[in-house]
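Chains as they are written, first to last, in the numbering used here: chain A, 1 to 505; chain B, 1001 to 1322.
Some hints could be false.
[As the list claims (entries may be wrong)] Label pairs and their in silico Cβ distance ranges:
| hint | chain 1 | residue 1 | chain 2 | residue 2 | range |
| --- | --- | --- | --- | --- | --- |
| 1 | A | D411 | B | R1143 | 49 to 55 angstroms |
| 2 | B | H1131 | A | G397 | 57 to 63 angstroms |
| 3 | A | H291 | B | R1143 | 28 to 34 angstroms |
| 4 | A | V434 | B | E1093 | 41 to 47 angstroms |
| 5 | B | E1093 | A | R113 | 42 to 48 angstroms |
| 6 | B | D1149 | A | T227 | 28 to 34 angstroms |
| 7 | B | R1143 | A | I146 | 56 to 62 angstroms |
| 8 | A | T80 | B | K1302 | 37 to 43 angstroms |
| 9 | B | E1093 | A | T227 | 26 to 32 angstroms |
| 10 | B | R1104 | A | R53 | 31 to 37 angstroms |
| 11 | A | D71 | B | E1105 | 17 to 23 angstroms |
| 12 | A | E466 | B | R1143 | 44 to 50 angstroms |
| 13 | B | R1104 | A | R113 | 33 to 39 angstroms |
[Unchecked claim] Here are the simulated DMTMM-like cross-link-like pairs (lysine to aspartate or glutamate), alpha carbons at most 20 angstroms apart as the crow flies:
| hint | chain 1 | residue 1 | chain 2 | residue 2 |
| --- | --- | --- | --- | --- |
| 14 | A | K288 | B | D1155 |
| 15 | A | K288 | B | E1309 |
| 16 | A | K379 | A | E390 |
| 17 | A | K467 | A | E363 |
| 18 | B | K1138 | B | E1105 |
| 19 | B | K1138 | B | E1125 |
| 20 | A | K288 | B | E1156 |
| 21 | B | K1138 | B | E1210 |
| 22 | B | K1302 | B | E1054 |
[To be verified] Part of the chain B face toward chain A, derived, beta carbon under 8 angstroms:
| hint | residue |
| --- | --- |
| 23 | L1002 |
| 24 | S1003 |
| 25 | Y1315 |
Quick caveat, the hints were computed from the structure, so don't treat them as lab data.
Every residue gets a Cβ at the ideal spot worked out from N, C-alpha and C, and that includes glycine.
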Amino acid sequence: MGAARPLLYYRLLSPQTEESRGRLFRGYDPGPFYDEMFLPDGQARPHYARMFRELDSMAPEQFEERRQLADLSFLLQGITFTVYSDGRGTERLFPFDLIPRILPASDWDRIERGLSQRVIALNLFLQDIYGAQRILKDRRLPRSLIYSCGHFRREMIGVQVPGGIYTHVAGIDLVRDSRTGEFLVLEDNVRTPSGISYVLENRLVMTRTFPYAFHEHPVRPVDHYPTELCQILRSLSPRGGDAPAIVLLTPGIYNSAYFEHSFLAQQMGIELVEGRDLIVDGEVVYMKTIHGLMRVDVVYRRIDDDYLDPLAFRPDSLLGVPGLMGAYRAGNVALANALGNGVADDKAIYAYVPEFIRYYLGEEPVLRNVETYLCSRPKDLAHVLDHLPELVVKAVGESGGYGMLMGPTADRATIAEFRDRLQDNPRNYIAQPVVPLSRVPSYDPRNAAIAGRHVDLRPYCLFNGEKVVIVPGGLTRVALQPGSLVVNSSQGGGSKDTWVLGGDL
Amino acid sequence: MLSRIADSLFWIARYMERAEDTARILDVNYHMLLEQPVTSYRLRWDQLVTITGEQERFFQCYQEADARNVFEFLAFRRDNPNSIVECVSNVRENARTIRDRISREMWEEVNGLYHTVSRFLPEEEMNVGPHRFCNLIKFGSHRLHGVSDDTLPHDEGWQFLQAGRALERAEMTARIVDLEYQKLVEGPETAGAPDNHQWMAVLLSVAAYESYRRQYHSRIEPQRVAELLILHPLHPRSIRFNVGVVQQSLRAISAGGSSAGPEAYANEAERLTGKLHESLMYDRIEDIFSRGLHRFLVDLQKTCRAIGEQIARTYFYYGVVA
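Full structure from sequences and hints, please.
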């Protein structure tokens, strides 16, 4: 990098010429997968037709230039995560792919109905499991599954959480199965799901990079998310009143989601605090200000249960606030999300969520689960052990792609290792068949062309005790490595802006 | 306002000012020194390091104080906590922890400066000399202040920025004047006309050269330079001006904090600042010279440090559990 080169220097190439047509899509092969842009006959799907025309007429140089512009914008805004491999901490951009994932209104309606139903059922389950435990008494869920769950918190039994809300924010991961084109639920995240800031920032960068594309598509906005979340947080204040003191509790700048924490705090106009900024006295939480202590009413916490209060949970935690759990139990402070939610997104409990929907709501699930084998069931375990090379095995309490075996791509030693682990602790694992995820055309900078890449979708659901509000779309994560099915950012995944269309094109 | 946030704002301003002052000293003196006779060469490069208070660390890293080494040490060394790149990193680290409380424009300015500075290649800069690099830092600092003034509400947080910058600048100016004046008394052969050159550098390095010319219409005399830099009521680089800013900011922060009336002080930081400002307002430069300039400036630096400690004690630290 030349020393004196100004960082902000860029120029835009002249508009496309006739010769550029078709160069970006040269050699495009949809493969044996559901392609979100193209029909099996090679025509663009109606809701993607305009976008396809736009991209197809663009020269690769022009596209490359916009890509660099977008990257620069992310860099200058500091939307980076830090990798500490070299001891100094280098900052990486979360890769962003410029080609949007577009969902037609009909797909979204179904997703929205399915997610609302699911989030309400998950919340009812948490109320029940930390209350009367009807579902266990009615034998619709094995008792042993709850008591063996690492994230089940006995301390929460009988605690009245404000408004009866546990799952204020839920991120539900969906995938589209290539074989049927149907959206399936892959997993639930109801502890501290992250990624919404990327949804909002991706949109901002897209409107700057491809402004005219928005004129041609009725894209539904997403920027009301912070307002909706803030409304919910305000309603939780145990003291009532017009101006509750709301804080966002972060583990600090070394956390990989720190950008999101500061972004949300800023957007909602609430205080971003670390554990050391808070103090509990007489079961009341205060923050340390330059004019003395000030009472805190609501904590939107982005610290895991285990680290929240060293007196109640892990005593070695330096991130939390001693005494916070006591203040919470006494009803002097509200926490969002509630404590103990991990029992609802345990991957073995996941298999029962369709049952929760039937049991608590008397409805049929709109969105189906991915077929799941619970290794705690001897019959399932036997099947899994026989078919390891074909299955995905997941540890029940993990997230972010950790503790996972991808059977088809794993080497023999890894498979053998998982075989031992499954037999040692079957309750800790589930297995699923490999879902052939749908693909969206994505730009591959190595050969300056567009190719199909697998995606998932994480919509963000807000629950205010009565209804579920979902900003249209969510985070589309994309596996940028050719052929890869792993979309996690820790494993080379990137993201796309997700457009839900407000009407037909 | 959270104490931690006030603390970060105070240090964002201090580190940015430190980077700017170091860049100014380096830029001006570098070019001045190249025109100096070879005999005093080493001695003078040495003194640039002394201004930043890092002699000991410097000679752990280098055998000799020459142009190249001094430039590298003051600008680029990561193991010199007061080097320009380290100061800029610290500005950015502090800004990062409170980016929800500063404006987006302010954050992007800090972040952009950090990334730009990180892309400079020390070896390449050492060949072209420090001007390009130093200029970037100076204007980065000006932009940050401009953006802060224009995009932040002028509330307590902004006052902490003002206080941090002014306190750092007052102390830095005291160091520069002290060092230059010591050279004058220690080396009689360098006194007199040729030293115009040296004092001109001092004025340039604190951006006061044109002001001096307009004010005095005379050749550059050490006593007048000292008067301008220490006692000028309106020059934004004079010590008196900056101590005044610290005083105003501290009063704005504690507004109503004292029940003893509008002129009373609310805490020890305000008392020390007020007392210092008073003496700068009513002392004449002749009085200061007759009592000894060096002694005066050393005491002043000590007071500045004490003010910094008292600000921290009053607003940043919660030593005792409630």
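**OP:** Against the earlier hints, flag every one the structure doesn't satisfy and list their numbers going up.
**Re:** none
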